[in-house]
Structure formats: structure tokens, C-alpha cells
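Chain A is already provided as a structure; the job is to place chain B on it using the hints.
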Amino acid sequence: MSMLYEFEGKLLFKDSKIPIPCISIYTDAESIKQFAEEIGSDTMMAKGQALAGGRGKAGLIKKVTKETAEEYIKSIIGREHKGKPVAAVMLEELVEITKEYYLALMLDNKSGSYLMLASTMGGVDIEEVAENHPTEIHRTLLPINVDPQTYHFMELGKEMGFKAKTLTQFASICVKMTQMALKHDLTLVEINPLVITPDDKLIAADSKVVIDGNAYFRQPSIAALQSQRDQHTDLEFEATQAGISYVQLDGDIGIIAGGAGLSMATCDLLEFYGSSPANFLDVGGGANDEKVYKALELISKMDVKGIFVNFFAGITRCDDVANGVVSANKKLNIKVPIVIRMIGTKDAEGIKILEENGIHAYNKMEPSAKKIVELVKGGN
Amino acid sequence: MAVLLDKSTEVIVQGMTGKQGSFHAKSMIEYGTQVVAGVTPGKGGQEVLGVPIYDTMKEAVEATQATASVVFIPAPFVYSAALEAVDSGIELLTIITEGVPVRDTARIRRRVFEQNATLVGPNCPGLITPGEAKIGIIPGAICSKGNVGIVSRSGTLTYEIIQHLTLSGYGQSTCIGLGGDPVRGIDFKESLRLFEQDPETKHIVLVGEIGGTGEQEAAQLVIEEISKPVYAFIAGNGTWVKPGKQMGHAGAIVHGKSGTAQEKLRILNEAGILTANTPSEIPNKIKENM
Chain A
1 MSMLYEFEGK LLFKDSKIPI PCISIYTDAE SIKQFAEEIG SDTMMAKGQA LAGGRGKAGL
61 IKKVTKETAE EYIKSIIGRE HKGKPVAAVM LEELVEITKE YYLALMLDNK SGSYLMLAST
121 MGGVDIEEVA ENHPTEIHRT LLPINVDPQT YHFMELGKEM GFKAKTLTQF ASICVKMTQM
181 ALKHDLTLVE INPLVITPDD KLIAADSKVV IDGNAYFRQP SIAALQSQRD QHTDLEFEAT
241 QAGISYVQLD GDIGIIAGGA GLSMATCDLL EFYGSSPANF LDVGGGANDE KVYKALELIS
301 KMDVKGIFVN FFAGITRCDD VANGVVSANK KLNIKVPIVI RMIGTKDAEG IKILEENGIH
361 AYNKMEPSAK KIVELVKGGN
Chain B
381 MAVLLDKSTE VIVQGMTGKQ GSFHAKSMIE YGTQVVAGVT PGKGGQEVLG VPIYDTMKEA
441 VEATQATASV VFIPAPFVYS AALEAVDSGI ELLTIITEGV PVRDTARIRR RVFEQNATLV
501 GPNCPGLITP GEAKIGIIPG AICSKGNVGI VSRSGTLTYE IIQHLTLSGY GQSTCIGLGG
561 DPVRGIDFKE SLRLFEQDPE TKHIVLVGEI GGTGEQEAAQ LVIEEISKPV YAFIAGNGTW
621 VKPGKQMGHA GAIVHGKSGT AQEKLRILNE AGILTANTPS EIPNKIKENM
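Chains A and B supply the protein sequences, listed in that same order. The working numbering numbers the first residue of the first sequence as 1 and each following residue consecutively. The working numbering numbers the first residue of the second sequence as 381 and each following residue consecutively.
Excised from the complex, chain A in its bound form:
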């Protein structure tokens, strides 16, 4: 699951014939001049491109002129917004707005079908609308193998109060959104706001597009855009390259575990015993010694007070885990306490390897979690 930048979403809209304002990506002073000529106006919007909401409130979206644009753009590009960089700035023509609407197509996990959501309360936080004005959100659940047609969305358009040409325009945008989602394996296509202009044209003024990360193998063009940006930190990127699922947290104890559920339960246990996890890390099923080494290398780059390794080996083999730990211990110069818990496939062999190298291993999860918390606290 990963999100596209607004401008990438809008380019997909354009390919799908969903109306968008005229846009361009800033590259240099010349690009601003050219864009002003293209739209026939000296005034335009500059919109910082970051993969997080609330850009307007953070001052990353501003009305500028061709004279003031560059100074503003240089002041926001590269800035961090909710932990994500402002990677680019998009120039956009001004759109005259009569009213703002909300429109989104999402894959509904419960039914497995696409669900079109629409509201006349656009431009604002839709979760707030859902919570406080639930009757203001209209829905159409599509058939699972839908071949979208305008008739699927006419009722939704009427509920939104659209009539005549605006109604057919609305239904046509819905059809194109659905076709686009089907073509690119999208789990969310959100337009907030969808605006109507004084001459009754509907235009997508924003875009939020999320693609199913599992479908990259058949969406090569989007996958190429995405590979680096799904990760939020350098370590998270490095982990993904190694096939490790890693999320940086802000606690004291670095964890390495096999399996997502067990990794979460490990984080929980550290808190339960009075400490906190520095990360979530799942090496996945069937991890070998190299992956365990890599995981320890990642953790050793962080400022942690202790490390807890927790494996219930099914497909994974404890002797592999032990070999990874032993070589990391030799090469990485880890100075903080480590507690290792391993059980399951080849656990006797694994424990023997560790003990030959002077490392004690536990076989129960809860006492070992308690142990690492004690060691970390005692070291303070």
C-alpha cells in the first residue's frame, strides 16, 4: 500500500480523461515563466508535494505571481512535513470555484468491491464529516467484477443534487475513476475537493491515489516511481531492500522478531514490563543467518539501550538465527545488552552455537522480555 504524490495522481487523472486544472512541475525560473504563458496569467498556485495531509495548513500551498513564485518555492522545497519531505513543487492554474465536493473510490475490505463515496461537504476532513454528519456521505457499492458504466453512478449523482449536464459529467468522472482503479490496481482514488466552476464544469482540484503494493509486479511504471518513497527513513528503506519489514519507533529497546504478529506482541511485552520498543522489525518467515545479521546491523545503527531477539521458529531455523547473531556479535561491536529467545525448529543446535560463543539463550518469551527490560533499566 503506498501513496502517490498529488501531481502523479493528477497525471493519472489526465491520462484517464478526468478533468484537472493545468499543471506543471517547477524546475527553474524558466519553468515558471513558461507556465505563466501557457495559462495566460501571471497569478498561479504553488503546491508543495509531500506524502502527508494538511499541506495547506502547514503553509505548503500558496497563491503566487510569476515574480514571487520562485522565492516561495525555494523556501518550501526540501522542507519536512509530518516526517515526509517536500519533494517537488507543482504549479497550477487558478480555478474559480462555486462549490466544493468530496468524491472517493476505495476498495472495501469487507466486500472486496469498490465503494464510491460522495459528499456535498467537500474540501474538509472527510473523517470529521463521517463522524459528525454521517448522513452527508452518500455511497454506491459496485459489483465485484464491475465493468463501470454511467448508470452505476446516476443515483449517487442525484443524491448529491446534480442535474442535467452536471449529472452526466459527474457519472462520467465516476466511471473514469473506476476504470483507472481497475487498470492500475488502486485501493484508493480520492478527489477532495472536486470543484464546480461558475460555468458548471467539474474539476479535480486535488488527488490522493493509493496503489496496492502487492500488485507492483504488474504495474511496473508505478512501481518504478514508488520503490524508494514507501519508506519514511533511510533505515526503513535499507530494511525493505533486505526484505525486512521495519518501522522506526522512539523507545529504548531494539527488537528483532520473526513474524508480524509476534513482532507486535514483542513490542507490547516490552511496554508491559515497563520499557519501550525502539522499532518494529519482522524478518519474515524463513529468515536465514544473513537476514538476521542484516537486522542486527540495522539496529546497531540506532541509539538503543538494549536488543531483544525473539524467534518462534517454524520455517525459520534456530541454527541460522544463532549463526547470524554470532557473526553480528563478532563484527558489529555491539556494546548494549542483548537477550536472545529462540524456540522451535533446530533450537537445540541454535542454543549450542550461541553457548559455544559465550551467549546465553532463553526459550520462553515473557521471562526473556522481562530480562532485557531489567538489564536496560539496571544500566541507567
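Keep in mind that the hints were calculated from the coordinates and are not lab data. Treat each hint with caution, since some may be false.
As the list claims (entries may be wrong) - The calculated lysine-lysine pairs, modelled on DSSO-like cross-linking and capped at a C-alpha distance of 30 Å, are:
| no. | chain 1 | residue 1 | chain 2 | residue 2 |
| --- | --- | --- | --- | --- |
| 1 | A | K82 | B | K625 |
| 2 | A | K62 | B | K625 |
| 3 | A | K364 | B | K582 |
| 4 | B | K622 | A | K335 |
Using the frame of chain A, we list chain B on its own:
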């Protein structure tokens, strides 16, 4: 039988000539599962572990009358393999593969539903009826026969809980691994119904995690239909969880309040389900309740 499978269930392994498929087929056979055929297109006529390989599911089902299949095939090919299985009359389809596109799963699930079959997974460890048979990758050695039914969204965390139960003297009727994806085959609800009807199951343990609404729906069903005692553990109950971040499983991502472990635990408790703070508390809760 317990639920879904027993020692008489005949199973076809899809992808049996592959590394994963042959490794796990061997462990399934050693555990006592009736693995009667394998299917790999283009490898029909071969034998693996003494089991005949067919090119198509239709041939394998016609030759063996098997009712179950398990998929150990790379994600891009799962959609086709799964539809082939269901269209060939398979009644219990288990998909172990991780990374299946969510729309593929949704469409597989629809076809399974239309054919009145059952889908377990994808991205799951499969299921085991201890002492009888297993489909998938749950280690047989940690299980023991008994009357606790387990249904879980996790893999290794389930093993942790199974082992605590086994060591405390509580064997299992059947353990079902639902899988970690947001769209999946059978969910907690269907599993609870199966355990409710199964005379061998006396206690039901539900292992959930953050994200989605499966646990909340289960709580509602417990109020309406389930008479047996239900226990639960929910992973991701700490304050460390960051909303909007995915924790390994595609399904384990919190959007809004309803997907948090705290909210799930609250709803489960309200439905009279006994919840545990740590995996080892599960057998204690059962003991206290007896």
C-alpha cells in the same frame, strides 16, 4: 472430526514440485495428512515423495476425488491457480502465498463463495487438526490433541499461544490461521460458527491484531450465537503503535479509532470475551474459567 479437516481429508498440493511446495508437502505427509496428488502445469506424469503430479487440477481431482487443495505458488500466479482449484470442485482452498494483490483475493473469494466452497488465507499459515492432519506450515510438534479451538490472524504468534496451551495441558481441536491480509477468506465469524457446532471444541481462542473490523464482528457474533467460552489476545496493544503505519501484515494498519487494539479489547470485553494481556495468560484464563 474437529473442523474443516481430519485424517480422512484428501489434499492436493498446488506447486508441489517447487522448493516450498515439496518441503511443506513432506512435512504435511509426515504429520499424517492424506496428500494424494500434486499439480504443476507442464510436470504431469512425474512423482514427488511418491505422490503423482498432474498438469491440471481437473485431472488431479478426477483421479483422486480430493476435496481440499493448498497453494504454494508465487503471488502473480495465485489468482489463476485458485480459480482452477475451485472450478475443479475443490471445497477447501488454502492459500499460503504472501503478497497476493488485494483485488485478486477479492475475486477469488467471490468465486469461492459462489461455488459454496471455503477459502483460508492468503498470506496464512494454514490449519491443523492435531493428531490427525495439517494443511500448510503450522509446526505439528507444538500441538496436542484436545478441545481448544484457535482462530488467528497471525502465524508465529499463534505458535506461541498454541505452545503455551500445549504446555499447560490444553490440547487443540483445530487451529485456523486466517492470514494477515486486509481481504481474506474465512474470518473470525465463520470460524467461531464452525467451532460452536463442533462437539470436540469446548473453548475458543481468538488471536487478533490491530487494523480491520474482524474482531469487532466476532464480538457481535459471540453475543448473538456463541454459547462456548471465548478468549482473546490482541497484538498491538501498546502505546508504541503509530496510526497510519503498516506493521508487517498488510492488514495491520490503524485508520481511525475503530482499528486500535484498545477499541477491539473494549468491544470484546463487552461481549463477555475473556482477554489476556500476554500470550501466557491465555491458558490461565481458561483455567480460571473452568
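For each hint, the structure was consulted:
no.: 1; hint: K82(A) x K625(B); verdict: 13 Å, holds
no.: 2; hint: K62(A) x K625(B); verdict: 29 Å, holds
no.: 3; hint: K364(A) x K582(B); verdict: 27 Å, holds
no.: 4; hint: K622(B) x K335(A); verdict: 28 Å, holds
In this structure, every one of the numbered hints holds.
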